[in-house]
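Asks: Residues per chain are reported as follows:
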Amino acid sequence: MGRILLAAFAVVLITILVMKAPTTTPPTPGTSREVQQPRVEEKAALRTLQAKYKTLSKQLVQLMPDQPYILVDTARNRLYVKRQGEIVLDAIASTGSGTILDKPGEGNDQWIFDTPRGEFLVQSKITNPTWIRPDWAFVEEGLDVPKNAAERAEPGVLGDYALGFGKGYFIHGTLYTRLLGKNVTHGCIRLNDNDLKGVYKLARVGTPIMIF
Amino acid sequence: MNFCAILLLLTFAAPGWGKEPEAFPDLNLTDGQAIKEATRVLEEEVKLAARPQTYVLIDLATKTIHIKGRGVDLHRIPIILWASDSRDHLKGIHKLTTRPAVVRRKIEPGAGAEQEPISVADMPVDYVLTFTPALTITVVPSAAENNLLKGALFLSKAWWRQTKTWAGTVFSDQSSKQSGQLQLTLSADHAQSFAWSLVDGVAVVIRRASDR
Numbered sequence: 001m002g003r004i005l006l007a008a009f010a011v012v013l014i015t016i017l018v019m020k021a022p023t024t025t026p027p028t029p030g031t032s033r034e035v036q037q038p039r040v041e042e043k044a045a046l047r048t049l050q051a052k053y054k055t056l057s058k059q060l061v062q063l064m065p066d067q068p069y070i071l072v073d074t075a076r077n078r079l080y081v082k083r084q085g086e087i088v089l090d091a092i093a094s095t096g097s098g099t100i101l102d103k104p105g106e107g108n109d110q111w112i113f114d115t116p117r118g119e120f121l122v123q124s125k126i127t128n129p130t131w132i133r134p135d136w137a138f139v140e141e142g143l144d145v146p147k148n149a150a151e152r153a154e155p156g157v158l159g160d161y162a163l164g165f166g167k168g169y170f171i172h173g174t175l176y177t178r179l180l181g182k183n184v185t186h187g188c189i190r191l192n193d194n195d196l197k198g199v200y201k202l203a204r205v206g207t208p209i210m211i212f
Numbered sequence: 001m002n003f004c005a006i007l008l009l010l011t012f013a014a015p016g017w018g019k020e021p022e023a024f025p026d027l028n029l030t031d032g033q034a035i036k037e038a039t040r041v042l043e044e045e046v047k048l049a050a051r052p053q054t055y056v057l058i059d060l061a062t063k064t065i066h067i068k069g070r071g072v073d074l075h076r077i078p079i080i081l082w083a084s085d086s087r088d089h090l091k092g093i094h095k096l097t098t099r100p101a102v103v104r105r106k107i108e109p110g111a112g113a114e115q116e117p118i119s120v121a122d123m124p125v126d127y128v129l130t131f132t133p134a135l136t137i138t139v140v141p142s143a144a145e146n147n148l149l150k151g152a153l154f155l156s157k158a159w160w161r162q163t164k165t166w167a168g169t170v171f172s173d174q175s176s177k178q179s180g181q182l183q184l185t186l187s188a189d190h191a192q193s194f195a196w197s198l199v200d201g202v203a204v205v206i207r208r209a210s211d212r
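As given, the protein sequences belong to chains A and B, one line each in that order.
My numbering puts the first residue of the first sequence at 1, with every later residue one more than the last.
My numbering puts the first residue of the second sequence at 1, with every later residue one more than the last.
With the rest of the complex left out, here is chain B (with noise of 0.2 Å):
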């Protein structure tokens, strides 16, 4: 009897057994910093998981993309950079407004032939989303994976979209304090898969990294 009893207590004492389930596995539990954000994240991610719908998690402290629904991971998608002007409205729940336009294909009535349905080659690599609260992520391919022209396209687009984003700070003094900006950049399968995940008015939650 007594040895068994001591079994049982070893059981939960030995290390390692019975071990808490953590949300980031990444996290360091000494950075009160980490921890703050994290735990910040999890409260809205429990908001979201308690109700039955698929909702997003960006994490830039990993650099992945999770879409998920009651806290499981349904998929992940990798980022390979990111920007952000500002980490204040990264924080709360988004809402998914404007996603990219997809270009359906109509069905002729007794044409017979199979009709060619859509798929994820179809999905842009390069859109912009905006979100309600006030936020907008760009998402971008890696030039990496482009060719010279490509490339130098992807450049100029780039410069532009900085040179808009600088002249909108300058003049207007309002656009980029009320609306944060996130650039992702992804590879292009990546971009157009995260594209066909998006539904209308999904929810987005950002986990935001410690300063760099």
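Isolated chain A, as found in the complex (with noise of 0.2 Å):
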């Protein structure tokens, strides 16, 4: 029984073997050997081609990120994680105004409120942050600059879990959970708490995060 279930196999191999290869046409009798010579380069050609455009489609889908990464619409303010290019997560968020505050004093210099495009890479993980409270959420207030640091100091703003991705952003939750879906912070990126803690999950230390 098993030598002809063994026999069975091997006639089922030959035959897929036989339909995979490369099929051959027979001369087309009455052509002359001139005629046949471009044809032959030419499909030479169409596989040099064919194989070169694999070798570099493999190149890119090897520069793909292979563990999950963090995407950002900040257009529809929209945060997805995904993975082999398949949606974990998918979460409303808040993202830059794109508004812009003057910097006291002289001169003409700005700040301007974008959540910054590109990729950038999960630099830290912090639960229970709390928010250094910057120059310009003084100034957009009105109010002065304190010089002594810990006036600058709010916990319980940011949510239970940020995500730093450099130059001073973060991901992290919001008290205004009725602004998401709108452009209204000054860089960052808000989620609600649930969403919050998902991304904080799924993510590491080194998780790139695309933003467009």
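These are calculated hints, taken from the structure and not from any lab test.
Here the structure is a predicted model, which means the values were calculated and not measured.
Don't take each hint at face value.
As the list claims (entries may be wrong) - Cross-link-like lysine to any residue pairs, in silico, SDA-like; alpha carbons within 25 Å at most: (1) K36(B) to E119(A); (2) K63(B) to P124(B); (3) K47(B) to L46(A); (4) K91(B) to P109(B); (5) K47(B) to Q84(A); (6) K182(A) to K91(B); (7) K106(B) to L143(A); (8) K103(A) to V103(B); (9) K54(A) to L27(B); (10) K58(A) to R51(B); (11) K106(B) to V139(A); (12) K106(B) to D195(A); (13) K106(B) to K54(A); (14) K106(B) to K197(A); (15) K182(A) to E119(A); (16) K147(A) to P109(B); (17) K54(A) to P109(B); (18) K43(A) to S210(B); (19) K147(A) to A111(B); (20) K91(B) to A111(B); (21) K182(A) to R99(B); (22) K58(A) to K106(B); (23) K82(A) to R152(A); (24) K167(A) to P117(B); (25) K103(A) to R105(B).
Could you use the hints to bring the two separately framed chains together as a complex?
Replies: The following block contains the structure:
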């Protein structure tokens, strides 16, 4: 019985291999060698091109992230966590307002409240973060910038977690959940508590963040 | 043991299994010109995807604008129509030098009330992008979406553009030869979305369609 099964599989295997083998058409009777020559060259050139195309396609795939990555769509205020192109988490976010604020003093310096676009990495993961209010937070409210650093600390406004991605930008929670889905932030990316927890669990230090 | 070996062989021999990745699924692998073009684009794209940045692939063959990073499709924008005066100028990697200006709202310190942010709806629908090496991309909204008055305005603008291009060709003998022109017709929403996605210096690579 075993030998019959083995023979049957061998037949199937040979059939598949024969079907996959490149087909060759017999030369048409009456055609000269001069006419056939360019065809053979063209076929060879095509095969070379096909091989190059496949190699480059593979190279491109190898550059794609093989770990989960965070994707932020600032136009539609959405944050996704994706793995191998599949959406693992889909969240409504708030991103930069694009507004401007004059820096105090002379000159034309301004703060521009955009969420930066491009590719970044999660650089830090923090639990129970405290917001250290930057200068603009005071200037925006018409207050003097404090000289004492302790006066800048404001706990409890960033949610339970924060993921830093450089230059003071974070993915964090918010008290203003009614503003999720809108461009209202100073550049950070806000999420609701549940989504923030999900992102915190899925992301590691080094997880890519792609923002467009 | 033999049974397992045959099963293993069958796994690799079965058609479709372990299929290699394809960068352009629409590509006809028997069309030498099309493969050549796809390979050229892939060579450029592999360079762009190797860096931590977002870039744009304008695929005229499939009429799609891809916002990409690391070879991953971040966002797709359909093209309704396109037209170009030259195929040669569309080759290579182009860096965006001029994009439509964004009117940003200024925050009044201490004003208290929520500041009106900018959003995709604030983006223009009709604009010109310039690149280095010399290339101009004109984005126009689809006339079908406009009402009669807007439609007439659109047509007169299109006529004026054509006249200017023609005049440039006839009289200067320089401008059109040095700079390629590509016109993209998008829906109004997609034109705004594309304008939003563009950042200064973003790299653009164009896959040209076969001669029509």
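Asks: It remains to establish, for every hint, whether it holds in the given structure.
Replies: Structure-based check of each hint:
no.: 1; hint: K36(B) to E119(A); verdict: violated, 30 Å
no.: 2; hint: K63(B) to P124(B); verdict: holds, 21 Å
no.: 3; hint: K47(B) to L46(A); verdict: holds, 24 Å
no.: 4; hint: K91(B) to P109(B); verdict: violated, 48 Å
no.: 5; hint: K47(B) to Q84(A); verdict: holds, 21 Å
no.: 6; hint: K182(A) to K91(B); verdict: violated, 38 Å
no.: 7; hint: K106(B) to L143(A); verdict: holds, 17 Å
no.: 8; hint: K103(A) to V103(B); verdict: holds, 19 Å
no.: 9; hint: K54(A) to L27(B); verdict: holds, 12 Å
no.: 10; hint: K58(A) to R51(B); verdict: holds, 17 Å
no.: 11; hint: K106(B) to V139(A); verdict: holds, 13 Å
no.: 12; hint: K106(B) to D195(A); verdict: violated, 31 Å
no.: 13; hint: K106(B) to K54(A); verdict: violated, 51 Å
no.: 14; hint: K106(B) to K197(A); verdict: violated, 34 Å
no.: 15; hint: K182(A) to E119(A); verdict: holds, 22 Å
no.: 16; hint: K147(A) to P109(B); verdict: holds, 19 Å
no.: 17; hint: K54(A) to P109(B); verdict: violated, 57 Å
no.: 18; hint: K43(A) to S210(B); verdict: holds, 20 Å
no.: 19; hint: K147(A) to A111(B); verdict: holds, 23 Å
no.: 20; hint: K91(B) to A111(B); verdict: violated, 51 Å
no.: 21; hint: K182(A) to R99(B); verdict: holds, 24 Å
no.: 22; hint: K58(A) to K106(B); verdict: violated, 47 Å
no.: 23; hint: K82(A) to R152(A); verdict: violated, 36 Å
no.: 24; hint: K167(A) to P117(B); verdict: holds, 22 Å
no.: 25; hint: K103(A) to R105(B); verdict: holds, 15 Å
In the structure shown, a violation is registered for the earlier hints numbered 1, 4, 6, 12, 13, 14, 17, 20, 22, 23, in ascending order.
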